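Colleague: Line order of the protein sequences matches chains P and D. Per the working numbering, the first sequence starts with residue 1, numbered consecutively. Per the working numbering, the second sequence starts with residue 1, numbered consecutively.
Simulated from the structure, these hints should not be mistaken for lab results. Don't take each hint at face value.
If chains are identical, the list can't say which one is meant, so a pair holds when it fits in one copy or spans any two.
[What the hints assert, rightly or not] With a Cα cut of at most 30 angstroms, we get these calculated DSSO-like pairs of lysine-lysine:
1) Lys106 - Lys508
2) Lys271 - Lys453
3) Lys152 - Lys216
4) Lys152 - Lys259
5) Lys361 - Lys395
Small disclaimer: the values here were computed from a predicted structure and weren't measured.
Number of protein chains: 2
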Amino acid sequence: MYRTHNCGELRMSHEGTEVILSGWVQKSRDLGGLTFVDLRDRYGITQLVFNMDENEDLTSKARKLGREFVIKATGIVRERSSKNAKRETGDIEIDVTALEILNVAKTPPFTIDDDTDGGEELRMTYRYLDLRRTPLQRNLIFRSQLAIETRKYLSDQGFIEVETPSLIKSTPEGARDFVVPSRMNPGEFYALPQSPQTFKQILMVGGLDKYFQIVKCYRDEDLRADRQPEFTQIDCEMSFVTRDQILDTFEGLTKSLFKSMLDIELEDFPKMSYDEAMERYGSDKPDVRFGMEFVDFSSIAKGKGFPVFDSAEFVAGICAKGISETYSNKDIKKLTEWLQRPQIGCKGLVYVKVNGNGTFKSSVGKFYSDEELAKWVKLAGAEPGDMMLLLCGEKEKTQKQLNELRLEMGRRLGLMDPKVFKPLWVIDFPLLEWDEDSERFHAMHHPFTAPKKEDEQRMLNGDHETMKALRADAYDLVINGSEIGGGSVRIHDRDLQSKNFDLLGFTKEEAEAQFGFLLGAFEYGAPPHGGIAFGFDRLNAVMNGQNSIRDFIAFPKNTSGRDMMIDAPSPVSQAQLDELSLNLQEKEQTDKC
Amino acid sequence: MYRTHNCGELRMSHEGTEVILSGWVQKSRDLGGLTFVDLRDRYGITQLVFNMDENEDLTSKARKLGREFVIKATGIVRERSSKNAKRETGDIEIDVTALEILNVAKTPPFTIDDDTDGGEELRMTYRYLDLRRTPLQRNLIFRSQLAIETRKYLSDQGFIEVETPSLIKSTPEGARDFVVPSRMNPGEFYALPQSPQTFKQILMVGGLDKYFQIVKCYRDEDLRADRQPEFTQIDCEMSFVTRDQILDTFEGLTKSLFKSMLDIELEDFPKMSYDEAMERYGSDKPDVRFGMEFVDFSSIAKGKGFPVFDSAEFVAGICAKGISETYSNKDIKKLTEWLQRPQIGCKGLVYVKVNGNGTFKSSVGKFYSDEELAKWVKLAGAEPGDMMLLLCGEKEKTQKQLNELRLEMGRRLGLMDPKVFKPLWVIDFPLLEWDEDSERFHAMHHPFTAPKKEDEQRMLNGDHETMKALRADAYDLVINGSEIGGGSVRIHDRDLQSKNFDLLGFTKEEAEAQFGFLLGAFEYGAPPHGGIAFGFDRLNAVMNGQNSIRDFIAFPKNTSGRDMMIDAPSPVSQAQLDELSLNLQEKEQTDKC
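Take the sequences, apply the hints, and build the full model.
Modeller: Right under this line is the structure:
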């Protein structure tokens, strides 16, 4: 037997008991004739004591233990003379009577501590050591528990978890697929699913009524810092439901998860239209933990002789509370430079400080009288001590920039409390996006998203401009500025579906080639249905007030899509390629030579 | 709103209530002025009634409803005059006041009934219709619930579910990998995991202590009837445990699943060594629901002048109870032909009938006296009315053939009760298999499987013959002749591991190239650990007394690895190949022209 107890469970009530513990050597200290070893496992740390006077051989053996050695120790639980209140096992220690080294260990390249000295590359290469750290273990345990609570809630609501296939068919639409060559069907490929979208709709046609799945999805995109080529979704679909029934169901799920995992009671989620979100926050995923909502100054700031504003389509700003005296010229200069970086691309920043005595200090003071500025102040609801920050330009671009500015000011002013959670539904997204380059519409969500009921007739009969204004019965769940989930009511009417394909520029043949099996299924009695998918990695991070999803994934890949630990991807043999009837292209072969 | 209730929940207690139901038209019947429509959803069937005298328009509309139309019906719950005791909603019907056709349907190519008239190909092509059938829905609901119970049990035991990656590294050992070309790393490939084996061991090195995952795995094998290229495992690993602690844990899981899913209390699982299983049943996955154990007649049947037996290495048989009078010469001839098919390859069959009066009738009567045969009878424990069936030849081959004969007789005699479950652990598998062709050892389980403690020294020091006799600390869970799970204690000692690689013919460089990251991890303090993986698809089928796993998979592939519904795999565009730096090989391109 390797252990009678784990390293986190012994208490004073065990005093005098003989126990066996196994684990890793966290650290050891020699103090006079005594040697103390901290023994660690997933459950905690227990102090072992060896006494040179009582057992010289044993204590000498203990003194040779290196960090991360795996040992088994037998001994008696004793009360500690100097207790450690910070540790749950801190009242006791083990007076060791026998020691077995189960495995030795090389010295780890970084410390196995909550705050490790290892950089991210190193930690990913030695992920098995990184995983020994408490924060990472806590994250993985949280994730495991979150999945359990999710499944419990949904199955209590009558949802069935159905595994959909992951070797499916490649479709050229949307993001890029990972493909898998088929040996048995030479020249043909499977694709890994970007989502189980079509399969969950098929399941509704199949009468499953309520489906969910916590499922791996794959997307071969150029990876941004916080994207992974494989990621996990909570994927759901329901039949015979209205939009609000869907939202209620998944609002219920979200509330239940926050309650069971964090003991937080979320209030009812407000619904905000896409248009309103853009007007107020310049973003379809607004962080509503704090205000600083957009103020449209266009009507009062234009036409007063300031050429930059006069020539701009849109002048808007935010009001940062209580910083007019603390934000120096240097701070403002730095902020301006931050805004002028190519990622954001502002031309400049206009500010108006409302001084404590009610006077103003502004970068555009020579163009606007105090009387004029007083109108701005009134419009923005600014008070003495506040500072207004204004941007201008094309409306859409300026909204995006001002959104970045608002979020940055939120961060700088500490308004994003990681312990506060403000969810909302963003609804009524545009159905179609017009792409100027290709001169065609794209589906904002996907080609099966239904228009809102009141837009159906306009969709069937309207002109080009009408199409741009169509609203979809689509929705996103946003928490603290992160899109946690998104979905839609689907089209189940064939006329609407065929009109939608027309609008998206699909010929009948193209629609058939790409979605033939789903369109076929729709011929045999599709029920009204709709659903949602949650980003499970992101949900974990957001619930823990963290930005990076990587620390919630056991074995993440880096931004080149590479697993640093196993060193994948890697070349395969020509024999393997021959079996798959594939060759590498010459160029690449040459590059490798 | 589409419904106030589902089609399975209305009872007499709802009489007089106005309800809304939605679902599919199962069938409709016109009887005089009345039209009856059976409305179906996942939850059941409810009868709708339309009365021509009361509402002509509505009833005319109802008469036009086709099979599988999707409708919404509003009406009042009434007591039925002729009740249907076989249906849970059979006491009531809905007196319909409003009818909306939500979607029309083409006539399905097969009937949506428990016993459908659709062949397997057709059912797979129209899987969305097949899925509407109650047996299939029941299977998927069972599967969903089995996963929930599995997760509940394991997480109650302190196991953490960790998602391991599915874009990993290809290794030439073992079965064939599916590979995934990497666009970002031209000429390089990921592999889809055949199992998370190395990752779960890494998680143990990472201190996770108890890991599980219900996970998709992939194997590019030529598919037998009941194999799928993607399949699901319950994958588990534990640290600081002995073999028996592992077996107890997963015996506990299995018992708990049978109790919660089927209300069956399984008795403690017997343990049987591989050698014993081969001697008694000629199989490492014996079906022990019935006896007919092997009897070794070699010592008493050889050397008596029957040349066929005299020249055979091994003579063995089984005793089939109570069929000596019913099994005709024709039956025996047919059975012999069945045994002579190339799949089994027997030369012939010898039988001895023990007649009711204690006399014998045998195909080898002229070689053996009644006195001799009486010895056979005694050895086999045969009684009047029984028939002994004997085969002979090389030992291993004969064991396999006799296993097939035993199973066939079990089937023919109805001894395989699908409602009876007889689990057992088969243990002490050989560690290594000697392959005559390649003149090298193969790992019977995998290269990280530990030898039994008592074999460790012999493994480090023994000769070639000793190696053949080494036993592994490996085990299979067998239920009713199906291998449900398999696993092993892993090697955590570096000397043993390096000896094992030697035996398997790996150079140090080859071991490093294939398992480098795991061997690296083992340098940093690997704990003693072991685990198991259950075939989840198979477990579902076995628990339901069924042979085919396909009916427990929502979207299975056929034996060519093809998804008949979505028609995958399929060709991809040259543009996609170019992005992946791949070309199809000429031969295949020509074949396609």
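Colleague: Does each hint fit the structure? Answer for all of them.
Modeller: Cross-check of the supplied hints:
1. Lys106 - Lys508: between (64 angstroms within a copy, 19 angstroms between copies)
2. Lys271 - Lys453: Answer is within; shortest intra-copy Cα gap is 18 angstroms, inter-copy 64 angstroms.
3. Lys152 - Lys216: both (19 angstroms within a copy, 21 angstroms between copies)
4. Lys152 - Lys259: both (13 angstroms within a copy, 19 angstroms between copies)
5. Lys361 - Lys395: within (26 angstroms within a copy, 100 angstroms between copies)
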